[in-house]
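Below are the chains, spelled out letter by letter.
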Amino acid sequence: MLWQDILKIRKSSPLIHNITNYVVMNTTANALLAIGASPVMAHAAEEVVEITGLAQALVLNIGTLSTPWIEAMLKAGKEAHRRRIPVVLDPVGCGATQFRTDTAQKLIHELRPAVIRGNASEIRALISSGAATKGVDSLHTPDEVRNDAIALSHAAGCVVSVSGSIDLIVEGNQLIRIANGHPLMTKVTGMGCTASALTGAFLAVNESPLSAAAHAMAVMGIAGELAAERAVGPGSFQMHFLDVLYGLSETDMTQNLKIRYSC
Amino acid sequence: MLWQDILKIRKSSPLIHNITNYVVMNTTANALLAIGASPVMAHAAEEVVEITGLAQALVLNIGTLSTPWIEAMLKAGKEAHRRRIPVVLDPVGCGATQFRTDTAQKLIHELRPAVIRGNASEIRALISSGAATKGVDSLHTPDEVRNDAIALSHAAGCVVSVSGSIDLIVEGNQLIRIANGHPLMTKVTGMGCTASALTGAFLAVNESPLSAAAHAMAVMGIAGELAAERAVGPGSFQMHFLDVLYGLSETDMTQNLKIRYSC
Amino acid sequence: MLWQDILKIRKSSPLIHNITNYVVMNTTANALLAIGASPVMAHAAEEVVEITGLAQALVLNIGTLSTPWIEAMLKAGKEAHRRRIPVVLDPVGCGATQFRTDTAQKLIHELRPAVIRGNASEIRALISSGAATKGVDSLHTPDEVRNDAIALSHAAGCVVSVSGSIDLIVEGNQLIRIANGHPLMTKVTGMGCTASALTGAFLAVNESPLSAAAHAMAVMGIAGELAAERAVGPGSFQMHFLDVLYGLSETDMTQNLKIRYSC
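Chains as they are written, first to last, in this note's numbering: chain A, 1 to 263; chain B, 264 to 526; chain C, 527 to 789.
Because the hints were derived from the structure by calculation, they are not lab data.
You may find that some hints are simply not true.
[Said to hold, decoys possible] Here are the computed lysine-lysine pairs in the DSBU-like style, where the Cα-Cα straight-line distance is at most 30 Å:
(1) Lys106/A x Lys75/A
(2) Lys521/B x Lys274/B
(3) Lys338/B x Lys632/C
(4) Lys784/C x Lys187/A
(5) Lys187/A x Lys78/A
(6) Lys271/B x Lys521/B
(7) Lys369/B x Lys338/B
(8) Lys258/A x Lys8/A
(9) Lys632/C x Lys601/C
(10) Lys11/A x Lys78/A
(11) Lys338/B x Lys271/B
(12) Lys187/A x Lys713/C
(13) Lys8/A x Lys450/B
(14) Lys341/B x Lys369/B
(15) Lys601/C x Lys534/C
(16) Lys450/B x Lys258/A
(17) Lys187/A x Lys534/C
(18) Lys78/A x Lys106/A
(19) Lys713/C x Lys274/B
(20) Lys713/C x Lys521/B
(21) Lys75/A x Lys187/A
(22) Lys450/B x Lys11/A
(23) Lys450/B x Lys521/B
(24) Lys450/B x Lys187/A
(25) Lys601/C x Lys106/A
(26) Lys450/B x Lys713/C
(27) Lys713/C x Lys784/C
(28) Lys713/C x Lys271/B
(29) Lys537/C x Lys187/A
(30) Lys341/B x Lys274/B
(31) Lys369/B x Lys75/A
[To be verified] Sample of chain C residues with no beta-carbon within 12 Å of chain A, all distances over it, derived:
(32) Gln530
(33) Leu533
(34) Lys534
(35) His607
(36) Arg703
(37) Arg756
(38) Tyr787
A quick note: this is a predicted structure, and the numbers were derived from the prediction, not measured.
Every residue, glycine too, gets a C-beta built ideally from N, C-alpha and C.
Just chain A, same shape as in the assembly:
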């Protein structure tokens, strides 16, 4: 099923509309191309409705947020909702500032994304406004992460995908854990943003947001492991990561996947 999704992405080359942060635009566009999708980055209020209308998924990322971009995200997201195009929200740095937390909550409330993908701190901030985060990093117990993700999935009525040493993907009380990945991934900027972009690509070819989100995290984790095997440090890791994403084989996936379903 995961491998079928990859083949579908390669064959149909879905257009993924990204309204994302400046830091990762290049790397997420390249990751989408490497997996076989077609990225488009556009944020002008004058054109986002048309771009979203051409796309098979919309990815919203608040990493370098500013007011005109929020307006664009709302316009694009409403068009996506109207056309039943799936939306991914990446609440980067949520909890670090009131502006980010408020914006993420507003986007969730008004756009009803199919998947929210963040780290444990960001997910925590979305269910309790009292939490403090240190920028974009996080440290939480597995139980806390699970409880937060379940709470947010219920509250927002969507899939919640939490990246960490073990990724957790939750829809209501259904849980999927993925134990792939490599510590070098935390030494490269935008790996989480790439996970969100790939989630958009999988949503474009898979009707189940839970499966799509899990498949994206599985691909991230396995590609991360294979890239880390060849890498000397974070510079060569980035290069190998794109090469691996581009060349993924069915064997790469089946031999390495560490997935566990529960509820």
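Guided by the hints, dock chains B and C onto chain A, whose structure is given.
Okay, now just chains B and C, sitting in the frame of chain A:
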């Protein structure tokens, strides 16, 4: 003549003013440095006139367009026109939205660029507002591409450079075809934008916009082939592409160039 | 002492708030991660005060300046001043336009940075508004560079760090010269911006701005040399540079450091 242009760029290190999209700023700056030019990225209305005044070419790229950037492009372009500094226009995603098509047409009308460089869909959109494009990709027959390019060259009074599996560079009824390049180039974001930036560098040292545009596409194609020989996938391709651009020799060019002139 | 600073950065992972230019956001974030720091990029007036309040250093870079970003820099800088968080200013392209020169001078006057880090042309422009620069490049005699740096250090009451074939770091009449580095560093965009970002990381763990600025330049120069040994051109240089930064050992530093103190 192509090799002479490369030597001139390396020797004179022309300053190329880029008002371009967020996705490719880093990669196009690095490509300009690798070929021997000096890139400058600046978009504030307060300073673009001064920056353009220092430059030997101006490259306008509408990839992540917004209203303040259009104003900057117009200001910079008018200064370039006044000082006879050549302008390249890259109409990224033109045809995908009315905003992009209108903006590209306005820029052509008001600034009279020396070269318009795009893919077949973008060129098509500039001569017929009824065409639909799927984001930034395209599929057209060679005859359609040729007819569109000739029509736009006549209508806009400038060189039209169309990238594709065979690049086509047109001025009026003069045609140059370049059959260099590699499919991996379509798996890396911003290769078209890099072609436009390099077109700016060649315009800075060659008075013929037709030759300059063709030389830029030849360098792109040959560097792409040499990089692809060494690459495992799109990640390593990007690295080798910059290394190859930096180290291009006369033999690299003469042994690999596949160019055909006609009218 | 230099090695101790690197260990402190790796251990405490200081949060570095960057309000920087679009071209280098990705590469400077990755360089900060590779040395062991935590980068955050944020520029919205609504949130910069909160972000700076979480950070251990603030890095301001005027590379792709526009009016809303100046407002953000002033807000963030005033919060940094209030909380005694050290500020680095990188006056990219200063002297090329009145807008950049005026903005850099205003930022120095209002924010009193701990370190100003630029190239010789940019430093010159800050002490005499009559100088002309060719974009971001420079050519000055060693004596001119020294006199300019001393003059600016006295006038601005801060450390001045001038990158060049020999880096010069000045506080009042104290001078440190670092003869590390490699010509390939000038063929990659944003190496100066990376130097400024790393200066922020060292300021976060070292109370002496003079030492912090010198340590950042020493790390840049040595990592540049080691990366160049392995590189074919500017593409592979970038990859190796991040790998080297990530893997720096005490021996790398002690065996390669070329530093000279004088007054």
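Okay, the hints, checked on the actual structure:
Only pairs whose Cα atoms come within 30 Å are accepted, and Lys106/A paired with Lys75/A is accepted, the gap being roughly 13 Å. Proximity of Lys521/B to Lys274/B is assessed by CA-CA distance (about 26 Å); at most 30 Å being required, the pair is judged to hold. The straight-line distance between the Cα atoms of Lys338/B and Lys632/C is roughly 25 Å, inside the 30 Å bound, and the hint therefore holds. For a cut-off of 30 Å, the pair hint linking Lys784/C to Lys187/A stands: about 29 Å separates their Cα positions.
A threshold of 30 Å between alpha carbons decides the hint, and for Lys187/A with Lys78/A the separation of about 35 Å lies outside it, so the pair is violated. In summary, the hint linking Lys271/B to Lys521/B is supported, as the alpha carbons are separated by about 22 Å, within the 30 Å threshold. For the proposed pair Lys369/B and Lys338/B, the alpha carbon gap of about 13 Å is at most 30 Å, so the pair holds. A C-alpha spacing of about 22 Å is found between Lys258/A and Lys8/A, which places the hinted pair at or below 30 Å, so the restraint holds.
Only pairs whose Cα atoms come within 30 Å are accepted, and Lys632/C paired with Lys601/C is accepted, the gap being roughly 13 Å. Between Lys11/A and Lys78/A, the direct Cα distance comes to roughly 28 Å. Compliance with the 30 Å bound is thereby established for this hinted pair. Of the supplied pair hints, the one linking Lys338/B and Lys271/B holds, its CA atoms being roughly 29 Å apart against a limit of 30 Å. With a C-alpha separation of about 24 Å, the suggested pairing of Lys187/A with Lys713/C holds against the 30 Å cut-off.
Taking the CA atoms of Lys8/A and Lys450/B, the gap is about 17 Å. The hint holds against a cut of 30 Å. At roughly 12 Å between alpha-carbon atoms, Lys341/B and Lys369/B fall within 30 Å of each other, so this suggested pair holds. Simply put, Lys601/C and Lys534/C have alpha-carbon atoms about 29 Å apart, close enough for the 30 Å limit, and the pair holds. Between Lys450/B and Lys258/A the CA atoms are separated by roughly 29 Å; this keeps the pair inside 30 Å, and the hint holds.
Between the alpha carbons of Lys187/A and Lys534/C the distance comes to roughly 17 Å, so the proposed pair stays at or under 30 Å and holds. A threshold of 30 Å between alpha carbons decides the hint, and for Lys78/A with Lys106/A the separation of about 12 Å falls inside it, so the pair holds. For the proposed pair Lys713/C and Lys274/B, the alpha carbon gap of about 14 Å is at most 30 Å, so the pair holds. Using a Cα cut-off of 30 Å, the hinted pair Lys713/C and Lys521/B holds, with the two alpha carbons roughly 29 Å apart.
With a C-alpha separation of about 34 Å, the suggested pairing of Lys75/A with Lys187/A is violated against the 30 Å cut-off. Proximity of Lys450/B to Lys11/A is assessed by CA-CA distance (about 14 Å); at most 30 Å being required, the pair is judged to hold. Proposed proximity of Lys450/B and Lys521/B is supported: the alpha carbons are some 22 Å apart, at most 30 Å. Distance check on the hinted pair: Lys450/B and Lys187/A sit about 24 Å apart at the alpha-carbon level, within 30 Å; holds.
A distance of roughly 25 Å separates the Cα atoms of Lys601/C and Lys106/A; the hinted pair therefore holds under the 30 Å criterion. The hinted pair formed by Lys450/B and Lys713/C meets the criterion: a straight-line CA distance of about 24 Å does not exceed 30 Å. Between Lys713/C and Lys784/C, the direct Cα distance comes to roughly 22 Å. Compliance with the 30 Å bound is thereby established for this hinted pair. Restraint check: the Cα-Cα separation between Lys713/C and Lys271/B comes to about 17 Å, which is no more than 30 Å; the hinted pair holds.
The straight-line distance between the Cα atoms of Lys537/C and Lys187/A is roughly 14 Å, inside the 30 Å bound, and the hint therefore holds. Between Lys341/B and Lys274/B, the direct Cα distance comes to roughly 28 Å. Compliance with the 30 Å bound is thereby established for this hinted pair. For the given pair, Lys369/B sits about 25 Å from Lys75/A by alpha-carbon distance, which is consistent with the 30 Å threshold. Residue-level check passed: Gln530/C sits 21 Å from the nearest beta carbon of chain A, beyond 12 Å.
Consistency note on Leu533/C: stated as away from chain A, and its beta-carbon is indeed over 12 Å from all of that chain's, at 17 Å minimum. The non-interface label for Lys534/C is consistent with chain A: the shortest C-beta to C-beta separation is roughly 17 Å, beyond 12 Å. Non-interface call for His607/C relative to chain A: holds, since the shortest CB-CB distance, roughly 19 Å, exceeds 12 Å. Every Cβ of chain A is farther than 12 Å from the Cβ of Arg703/C; the closest lies at roughly 28 Å, confirming the non-interface assignment.
The claim that Arg756/C lies off the interface is violated: its Cβ sits roughly 9 Å from the closest Cβ of chain A, which falls inside the 12 Å cut-off. Every beta carbon of chain A lies more than 12 Å from that of Tyr787/C, the smallest distance being close to 31 Å; the non-interface claim holds.
Violated hints, in rising order: 5, 21 and 37; the structure is consistent with all others.
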